[in-house]
Amino acid sequence: MASLVGSRVERKEDGRFLQGKGRYTADINIANQTYAIFVRSPHARAKIKSVDTSKALKSSGVVGVLTGKEIAEDKIGGLIAGWAIRSEDGSEMKVPANPPLAKDIANFVGEPIAVVFAETLDEAKEGAEKVKVDYKVLKAVVDPADAMKSEAIHDGVDKNLCYDWLLGDRKAVDEAFAKADKIIKVDLINNRLVPNAMEPRACVVDYNTASEEITLYTTSQNPHLSRLVMSAFGGVAPENKLRVVAPDVGGGFGSKINVYNEEIVCSWASKKIERPIKWVAERTESFLTDTHGRDHVTHAELAVSNDGKFLGFKNETIANLGAYARVFGTVTPTYLFGPCATGVYTIPAAYSNVKAVYTNTAPVDAYRGAGRPEATYTIERLVEKAAMELGIDKTEIRMKNFPSEFPFKQTLVHTVDSGDYVAGLEKAKQMADYAGFEARRKKSEANGKLRGIGVSSYFEACGIAPSAAVMSLGCGVGLWESAEVRFNPTGQISVFTGAHSHGQSHDTTFAQIAADELGVPMENVDVVHGDTDKGTFGMGTYGSRSLTVGGIAIVNACKKIVAKGKRVAAKMLEVNEDEIEFKDGEFVALKSNKKKTIGEVAFACYLPGQRDEMKSPIPEGDEPGLIESSFFDPANFSFPAGSHICEVEIDPDTGNVKVEKYTAVDDFGRIVNPMIVEGQVHGGIAQGIGQALHENTQYDETGQLMTASYMDYTMPRADNFPEFNLGFTCTHATSNPLGVKGCGEAGAIASPPTVMNAVIDALGGQEISMPATAEKVWKACKTMKKSNAKAA
Amino acid sequence: MKTFNYHTPKDVKEASKLASTSSAFLAGGMTTIPSLKLGLATYKDVIDIKSIKKLSGIKVSGKSVTIGATTKHAEVAASKDVQKAIPALTKLAGNIGDAQVRNRGTIGGSISNNDPSACYPSACMALNAVIHTNSRKIPAAKFFTGMFETALKKGELVEAVEFEVPEKADYQKHPNPASRYAIIGVFVAKHKKEVNVAVTGAKSSVYIDKDLSKKLTSSFSSSAIEGMKLDHSEMNSDMHASSEYRANLVSLYAKKAVEAC
Ligand SMILES: Cc1cc2nc3c(=O)[nH]c(=O)nc-3n(C[C@H](O)[C@H](O)[C@H](O)COP(=O)(O)OP(=O)(O)OC[C@H]3O[C@@H](n4cnc5c(N)ncnc54)[C@H](O)[C@@H]3O)c2cc1C
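If you read the sequences in order, they're chains V and E. In this text, residue positions in the first sequence follow this note's numbering: the first is 1, and each later residue adds one. In this text, residue positions in the second sequence follow this note's numbering: the first is 793, and each later residue adds one.
No lab work stands behind these hints: they were computed from the structure. Mixed in with the good hints there might be a few duds.
If you only want the chain E side, here are some residues facing chain V, beta carbon under 7 Å, derived [as the list claims (entries may be wrong)]:
| no. | residue |
| --- | --- |
| 1 | 944 |
| 2 | 971 |
| 3 | 1033 |
With beta-carbon atoms standing in for the labels, derived distance ranges [stated by the list, open to error]:
| no. | chain 1 | residue 1 | chain 2 | residue 2 | range |
| --- | --- | --- | --- | --- | --- |
| 4 | E | 890 | V | 8 | 46 to 56 Å |
| 5 | V | 430 | E | 1012 | 25 to 35 Å |
| 6 | E | 890 | V | 14 | 21 to 31 Å |
| 7 | E | 827 | V | 17 | 50 to 60 Å |
| 8 | E | 890 | V | 430 | 33 to 43 Å |
Ideal placement from N, C-alpha and C gives every residue a C-beta, glycine not left out.
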């Protein structure tokens, strides 16, 4: 039987998605449901003096109005930060309370203050307009660079500082810098991004007054985790009385990891008003209240020798957490960022110092890549600048500092098990026709255009693990994943996974793996996820962990199925277990060549009694049935890596930047489905180009979000991209039996510096910040013209 | 969205009668519907004029192109007759927003709304258009009176727009990367006796740039306006583009338009 793993199997989910048959949270309606509309703060920072709900309660169709007062009285817990980070001085991070409905103070525009439930959506909106909130507007803190000098927005959080974290050795770095020939410096802004999942957040809550069970349908990347958090911290219901279902989810990119205010409030309220509740975010609410991404202000330095060896690295970053610390909010700019900031290079001494600050803006959390795009941007801008200043070719300087062997002990934390960075960069150079660039540059110049080329070599650490290590770094939970494989008596297989697919194609990839392990056709395998009532438990999908952690749990559960199958087949074929070989879905008795298919064995497992001549096939000590589960906790992260090369052409008259060529060579270890992996890379690169050239979240000085719709926030579109030229190299991961590495975030990690390095190359080294919008580039072109004229 | 009365009048007269200070005509709905949904506008009456046959269609004679008010951008973009008479107009229509917008948005809605960054108003100005309403004919120069303002009175309905066929014309637009409206758009039309350079997006409402028009009237070549610095003191400055940048673009795109003529 040909292996399914490695082949371009068409996606099982395409049929339903392309025909509009997906079933999303907003598609779900419960009889007798009410509609929720949230009253949100129009101010970035304001004291809530009073909330008057009397008029709203009398409004037509309104069933109930609840505020921060009631939720506090019912002792419903707030939103949480999932990782405890310690400051350099050993002190614990400062985390303000984040109640689901703000009672005393509002800290960002869009923060929920009250909620109105009504018979229809329009009546809920009418009612919400009648809730009168009396605010005392306070001066907002908006700019992260100024936050530490501004008035504290949260009680007990001095200087708005959550933590001042250090990883690395300052003294060793100082010594390395003292010996350097040259210090390369950059000041960078990693622009804030709005995730913009295609499906806005939503929830539908159904409270069963008889069983007292709450069913929450929600747009979550991790339903089991949501249930755990809502139960343990929210106190909404005990876990066994709370069912969380995340059906089809239209994209998350990290923004649907968190348990949000609306889900907690609606779950709590459904029990209170004894009616089902439906809430669907409007796009403006998504812009204002989905967790945002990035938002770093960084000063970084690289100490180099004249021949291009890297000697030391410094990273001083201010990370904007927004108004509150959320689930991955505190770890994203620390352990997901700091260790990766030294990149794919051997650098003898390094440190990352991160000050995380609170501001009156939407909370910032994980967004595709989470910390690693920021890290890669930091080091790859530095490396490119070093090449320029030292007059060394930008690929040569990288090769010079790549590790010479694997495992590669990285300066700060990671031991990278496998990789071949030289092969990746060589292949990228070839595919991009790096050698032919100067000719293309000349041709552009002849047409009055500026052409630039940019490179970025990256590695990233994903599939965060093992649990013991992450918990020692402050994580509140373990980061294993579970699977259960149920072989039904009639031969179909249900694979339950704790991972969740919201664009990752698990239905297909996981079915490929299970079908290969069990030797059955893929059509017989159904992948089930997204419902706490189906399957064991799970940590969900983010951080490119689904395959490397969740997929392996499936493999291991399948192996247990085969092991039991062997014992049963041996009894059926009346031979010893060690005389049985399992191959292509058949248990074969080696001597006699008698066989039983895995389907026959499965059927037999459910027949523990006597039937015709057959006595029970269940060996002594075994139980009936053929259901196995596994919890997999990998030995290490997985470390995908690669090199990307981009070419841009700039029209100096308008400042328009056109991405002319984009080449990506990635090492994701063994690839299960190349077509799906390419799709993941395409999406990631598109988001990265979006960050580099288009997307710009802007708050004004009072904390109003200026870019709160698609009229003002630029999402990249298909016509902003060239055809992506993708290639792969392969070194197997050693931390899991399939040898796979995560691929979901790599594109978004590698591409922003690749594009910016190309833009800056075209501008003759003149640095500009992301996004490189036409006007910014136009201004830089003018400056360049002036300095060229002076030089001439 | 607040509730409203929805009307489908069968003719212009009935439509006009239904209009009040709290009503809107519904043509493509590309502006009206989002405004309603976002609560930026509330109307008692929404008067759908799409089924009034008389308002839709394209007529081309030797000297003019007349486009009915509810004719969609996509229809103009695809019209062979318009393409032959004034190719710049099909180009303009074909680059409005995106496919969805072009399949619903109408010329009547566009000029009645007079968004400062809409494309059609510049064509009207440069092509000496006459706006036919149910009560009069208004020259374009008198029609666009200010930001989102026109000479239309209550109950007055645009029926059609009549463009003069020029010798040559071109439209050049620098799209807002987010909305794809015009950051600036320049419509250059060379008529027998004069050249009109109409600019949209740069100021509070569409206007004829007199300096550019004059220079090109005396010599219709890109070198006549090459590198011309425009006064940007009255130009829009917002998060998408500074006034200085807009001034640069107007001058540059005028030149590009002349070169494309
Ligand atoms: C995403 C997006 C991108 C866009 N990009 C562009 C662009 O690049 N360039 C561009 O020019 N435009 C652009 N538009 C505008 C669009 O093309 C329409 O022209 C515009 O929305 C109005 O036309 P409509 O037919 O949809 O009018 P409606 O929304 O139906 O009506 C708008 C207004 O006009 C009035 N009205 C409509 N018809 C008449 C009439 N016959 N007589 C009197 N009053 C009338 C209505 O009362 C209402 O006040 C864009 C719109 C969107 C949503």
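Each hint tested on the structure:
Annotation: residue 944(E) was flagged as interfacial toward chain V, and the flag is violated, the nearest CB pair being 24 Å apart, outside 7 Å. Residue-level restraint check for residue 971(E) holds (minimum Cβ-Cβ distance to chain V is 4 Å; threshold 7 Å). At its closest, the beta carbon of residue 1033(E) sits 6 Å from a beta carbon of chain V; the interface hint therefore holds under the 7 Å criterion. Range check, residue 890(E) to residue 8(V): Cβ separation about 31 Å, and the 46 to 56 Å hint is violated.
Between residue 430(V) and residue 1012(E), the C-beta spacing of about 50 Å breaks the proposed range 25 to 35 Å. Between residue 890(E) and residue 14(V) the beta carbon distance is about 24 Å. The supplied range of 21 to 31 Å therefore holds. For residue 827(E) and residue 17(V), the Cβ-Cβ distance of about 32 Å falls outside the hinted range of 50 to 60 Å, so the restraint is violated. The beta-carbon spacing between residue 890(E) and residue 430(V), approximately 38 Å, falls within the hinted interval of 33 to 43 Å.
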